[in-house]
Amino acid sequence: MLTMIAEHFNYGVVIILMMTGLYVVFASDNMVKKLVGLSVFQTSVFLLYITMGKVRGGVPPIIEPTGDGGHEPVASAGHGEAAISHASEQASHGAEHAAQAGDHAVQAAEILYSNPLPHVLILTAIVVGVATLAVGLALVVRVREVYGTIEEAEIDAINYAFDLEGYNPEGEIR
Amino acid sequence: MLSAILSPEWIVREAPVALIVLPLMMAVITAILPRERLAWLVVMGTTIACSVLSFIVLREVLANGVVDYALGGWEPPLGIALHVDGLNAPILFLISVIGALCTLYAMRSVTAEVEPKKRPPFYAAFLVSFAGLLGMVITGDAFNVFVFLEVSSISTYVLVAMGSSRDRRALNSAYNYLILGSIGATFFVIGLGFLFMETGTLNMIDIAATLKAAGGGSRVVQVAFAFIVVGLGLKLAMFPLHLWLPGAYAYSPSYVTAFLAATATKAALYLLLRFVFTIFDPSADFIISSLTWLLAVLGVVGMFAASLQAIFQNDARRLLAFSSVAQIGYMLLGIGMGTALGLTAGYTHLLGHAMTKGALFLCLGAVWYRYGITRVSELNGLMKTMPLTATAMIIAGLSLIGVPGTIGFISKWALLTAAADNGWWWAVGAIVATSILALIYIGRMLEAILLQEPPKIDGETVARNEAPLTMLIPMWTLALACIYFGINSAWPIELAGRAAAVLGGGL
Amino acid sequence: MNTHLILRTVSKLLIPLIVIFGLYVQFHGDFGPGGGFQAGVIVAAGVILYALIFGIEACKLAVPPSWVRIGMTAGVLLYTGTGVATWIMGASFLDYDVLAYNPHHPAGQHLGILLVELGVLFTVATVMVAVFYAFASRTPDLKDGDW
Numbered sequence: 001m002l003t004m005i006a007e008h009f010n011y012g013v014v015i016i017l018m019m020t021g022l023y024v025v026f027a028s029d030n031m032v033k034k035l036v037g038l039s040v041f042q043t044s045v046f047l048l049y050i051t052m053g054k055v056r057g058g059v060p061p062i063i064e065p066t067g068d069g070g071h072e073p074v075a076s077a078g079h080g081e082a083a084i085s086h087a088s089e090q091a092s093h094g095a096e097h098a099a100q101a102g103d104h105a106v107q108a109a110e111i112l113y114s115n116p117l118p119h120v121l122i123l124t125a126i127v128v129g130v131a132t133l134a135v136g137l138a139l140v141v142r143v144r145e146v147y148g149t150i151e152e153a154e155i156d157a158i159n160y161a162f163d164l165e166g167y168n169p170e171g172e173i174r
Numbered sequence: 001m002l003s004a005i006l007s008p009e010w011i012v013r014e015a016p017v018a019l020i021v022l023p024l025m026m027a028v029i030t031a032i033l034p035r036e037r038l039a040w041l042v043v044m045g046t047t048i049a050c051s052v053l054s055f056i057v058l059r060e061v062l063a064n065g066v067v068d069y070a071l072g073g074w075e076p077p078l079g080i081a082l083h084v085d086g087l088n089a090p091i092l093f094l095i096s097v098i099g100a101l102c103t104l105y106a107m108r109s110v111t112a113e114v115e116p117k118k119r120p121p122f123y124a125a126f127l128v129s130f131a132g133l134l135g136m137v138i139t140g141d142a143f144n145v146f147v148f149l150e151v152s153s154i155s156t157y158v159l160v161a162m163g164s165s166r167d168r169r170a171l172n173s174a175y176n177y178l179i180l181g182s183i184g185a186t187f188f189v190i191g192l193g194f195l196f197m198e199t200g201t202l203n204m205i206d207i208a209a210t211l212k213a214a215g216g217g218s219r220v221v222q223v224a225f226a227f228i229v230v231g232l233g234l235k236l237a238m239f240p241l242h243l244w245l246p247g248a249y250a251y252s253p254s255y256v257t258a259f260l261a262a263t264a265t266k267a268a269l270y271l272l273l274r275f276v277f278t279i280f281d282p283s284a285d286f287i288i289s290s291l292t293w294l295l296a297v298l299g300v301v302g303m304f305a306a307s308l309q310a311i312f313q314n315d316a317r318r319l320l321a322f323s324s325v326a327q328i329g330y331m332l333l334g335i336g337m338g339t340a341l342g343l344t345a346g347y348t349h350l351l352g353h354a355m356t357k358g359a360l361f362l363c364l365g366a367v368w369y370r371y372g373i374t375r376v377s378e379l380n381g382l383m384k385t386m387p388l389t390a391t392a393m394i395i396a397g398l399s400l401i402g403v404p405g406t407i408g409f410i411s412k413w414a415l416l417t418a419a420a421d422n423g424w425w426w427a428v429g430a431i432v433a434t435s436i437l438a439l440i441y442i443g444r445m446l447e448a449i450l451l452q453e454p455p456k457i458d459g460e461t462v463a464r465n466e467a468p469l470t471m472l473i474p475m476w477t478l479a480l481a482c483i484y485f486g487i488n489s490a491w492p493i494e495l496a497g498r499a500a501a502v503l504g505g506g507l
Numbered sequence: 001m002n003t004h005l006i007l008r009t010v011s012k013l014l015i016p017l018i019v020i021f022g023l024y025v026q027f028h029g030d031f032g033p034g035g036g037f038q039a040g041v042i043v044a045a046g047v048i049l050y051a052l053i054f055g056i057e058a059c060k061l062a063v064p065p066s067w068v069r070i071g072m073t074a075g076v077l078l079y080t081g082t083g084v085a086t087w088i089m090g091a092s093f094l095d096y097d098v099l100a101y102n103p104h105h106p107a108g109q110h111l112g113i114l115l116v117e118l119g120v121l122f123t124v125a126t127v128m129v130a131v132f133y134a135f136a137s138r139t140p141d142l143k144d145g146d147w
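Residue numbers (the working numbering), protein chains in the order written: chain A, 1 to 174; chain B, 1 to 507; chain C, 1 to 147.
FYI, nobody ran anything at the bench for these hints, they're computed from the structure.
Predicted, not measured: the structure shown is a model, and the values here were computed from it.
A portion of the hints provided could be inaccurate.
[Claimed, not checked] Think about it this way: if two alpha-carbon atoms lie no more than 25 Å apart in a straight line, the pair counts; the simulated DMTMM-like pairs of lysine to aspartate or glutamate are:
(1) B:K117 with A:E145
(2) C:K12 with C:E57
(3) B:K384 with B:E453
(4) A:K33 with A:E154
(5) A:K54 with B:D206
(6) B:K384 with B:D285
(7) B:K212 with B:E75
(8) A:K54 with B:E198
(9) B:K384 with B:D458
(10) B:K212 with B:D85
(11) A:K33 with A:E151
(12) A:K54 with A:E110
(13) B:K212 with B:D285
(14) A:K33 with A:E145
(15) B:K117 with B:E36
(16) A:K54 with C:D30
(17) A:K33 with A:E152
(18) B:K117 with C:E57
(19) B:K118 with A:E145
(20) B:K384 with B:D315
(21) B:K456 with B:D315
(22) A:K54 with A:E7
(23) B:K118 with C:E57
(24) C:K60 with A:E145
With the sequences and hints as input, model every part of the structure.
What follows is the structure, given as structure tokens:
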């Protein structure tokens with residue numbers, strides 16, 4: 001029992017972070033705190049991938065060139081395509097980023113290579129998380145300028161007062 | 001060398017990749033263009049070019065069955081492959097054509113809804129979203145799906161927020177959409193992580209083969225299935241996960257709403273089909289039970305709940321947004337049956353609904369452009385003030401209800417026969433009951449348009465002011481498509497049949 | 001005397017080193033952890049540090065916003081341009097082997113990756129700086145003391 005927990009404690013950490021992040025998103029009224037919770041939630045996913053992809057005793061997957069007599073790098077595999085999407089509230093554009101990954105096949109019990117694929121996936125997910133955070137914060141800045149507050153309850157109250165017959169009878173926003 | 005480029009064979013061969021690369025390149029160029037008219041021309045040219053390319057791909061698929069493209073020369077499973085077959089080729093064509101029609105419409109509507117300085121970046125964001133949707137549908141690699149899903153989603157959050165010049169609630173709605181959409185995408189990526197743990201590969205066909213060989217059904221696979229279904233369900237606005245949709249559709253610019261309503265949820269629905277039926281082995285027990293008890297049940301609940309909510313809305317666009325959620329419920333019901341007939345019916349409804357909702361939102365946007373109104377009660381007397389727009393709205397509304405002679409009737413009839421054939425009489429009852437609900441909420445709009453008098457300002461009836469031509473053409477194209485495919489429904493049914501065949505005829 | 005004298009002096013020494021480190025990470029991506037995104041963020045961090053210490057107006061003189069906008073587009077076009085170049089040379093999109101054809105040594109792959117990572121560097125660095133400019137240039141309608 002204890003060995004099972006010790007072997008799988010990384011999943012426990014992932015679960016704790018995931019639920020913490022989700023709870024912060026649901027329970028916060030403040031828009032910035034919700035974004036923080038979203039970041040924590042996404043970080044748990046990164047941990048899941050990285051701890052899952054760990055190869056004990058693995059070396060960076062670069063095949064050393066062995067001169068003219070040796071064989072060429074076998075089946076260098078490429079995988080991983082990350083799209084970086086950034087947006088400020090003025091411009092939005094995207095760029096594609098393809099990273100060539102090394103071979104993840106074990107070379108005949110001589111050298112144990114790490115699998116670069118989970119790391120490439122996580123790099124992509126991190127970039128996506130950064131872009132989401134940037135857009136979210138830009139939206140929060142705009143909401144603050146327009147409504148004067150970033151508490152969702154107050155924003156709902158302002159909207160509700162405005163929506164009743166289209167204007168507040170006193171002619172001003174409370 | 002150069003003579004080989006742009007020859008017809010080269011275009012046919014490179015069309016899948018060009019569909020993604022062209023909008024992305026044009027997006028960054030559009031972002032720095034100084035003049036709005038130039039930006040609009042670039043977007044129009046790109047969407048038309050993509051429509052042509054997607055038509056070429058569709059024709060190739062109809063002739064050869066499958067179009068594959070290995071990116072960078074690396075063959076799958078080592079490299080990323082683009083994979084087009086009967087399931088996603090029609091959706092590619094749909095997205096491109098709807099994008100082109102909406103961009104023609106946007107020439108006028110964007111001048112009324114977005115500030116001048118922000119228009120070139122707005123068009124750039126649209127192209128990024130367009131590229132993301134196309135990439136999502138065309139790729140054959142599971143993680144690439146996530147990448148393009150997020151590319152399209154993040155630019156969509158920006159597009160929705162641009163409606164704030166018109167109605168400041170767009171900012172709040174965009175924020176809600178961002179939070180929920182990111183949670184959905186992260187759930188999707190967690191599911192992918194578990195799939196990758198189990199199979200060690202990310203290529204869709206490879207994953208399917210590995211899962212089939214392994215016998216399927218291990219707990220990791222079940223967890224992966226759960227996370228992926230929840231993540232995609234959030235993106236396609238499955239019933240309890242639809243809360244972002246009414247706000248996002250109601251307050252964004254009409255160009256964006258029409259485009260999103262016709263394409264974004266359909267692309268996510270395609271992904272659900274691809275994952276549930278092709279990647280996961282659909283004969284596994286947990287998939288069969290989740291199809292029946294999760295997708296179909298949530299579809300029916302969504303049909304009822306969303307239709308009931310739509311009846312009580314005052315804002316016409318919120319009404320149609322809730323109606324969209326209900327229509328997605330129909331599609332999920334068709335998919336949940338799992339039989340070939342059910343899948344065909346759900347897919348036909350997907351194609352039909354895109355045309356119908358696109359036309360409706362374009363009409364409402366034209367009404368806003370001319371008169372600045374959004375409420376149902378303010379649509380009074382539209383037949384007299386904007387007769388062409390009102391007629392298009394009536395046609396599309398009838399198609400939404402499912403009146404014979406429209407594509408809506410064809411797809412609902414297909415759903416009814418599929419449900420009856422499957423022995424699901426409760427589903428037959430649900431479809432009929434919710435069609436009556438649709439009659440009620442569309443009837444509210446039609447009653448205001450047809451039977452009421454135009455409003456009077458200072459004692460004078462409002463003058464007639466028809467929508468401009470560039471707005472009339474797209475909305476009438478979609479409305480006429482509803483009628484044409486309702487009468488001559490061979491093409492949608494054939495495409496849907498091929499799609500269902502690709503999915504292995506279901507269970 | 002300026003109160004931030006130490007910060008200013010130290011940063012004048014360190015910011016060029018930060019940028020050089022960024023370039024090191026960029027080119028080291030071939031052999032270890034590194035690559036375009038990480039390098040772009042490091043370079044952008046150097047620029048943002050300059051803006052924090054010397055003020056955003058001075059930073060906008062050093063790295064003008066127009067350059068930043070052009071940089072975003074140039075990076076993406078460099079990346080997709082590499083793909084278009086491989087198209088023109090007759091291979092499929094982003095098939096780097098044709099860029100410098102050599103059957104014994106993957107020189108084409110080397111060149112191709114160098115080019116796309118350079119594109120990524122430009123894009124990421126300029127986008128990060130642009131996001132910073134967009135946030136930092138907004139004039140708050142409430143003074144800090146009135147919160």
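Run the structure past the numbered hints and jot down the numbers of the failing ones, going up. 6
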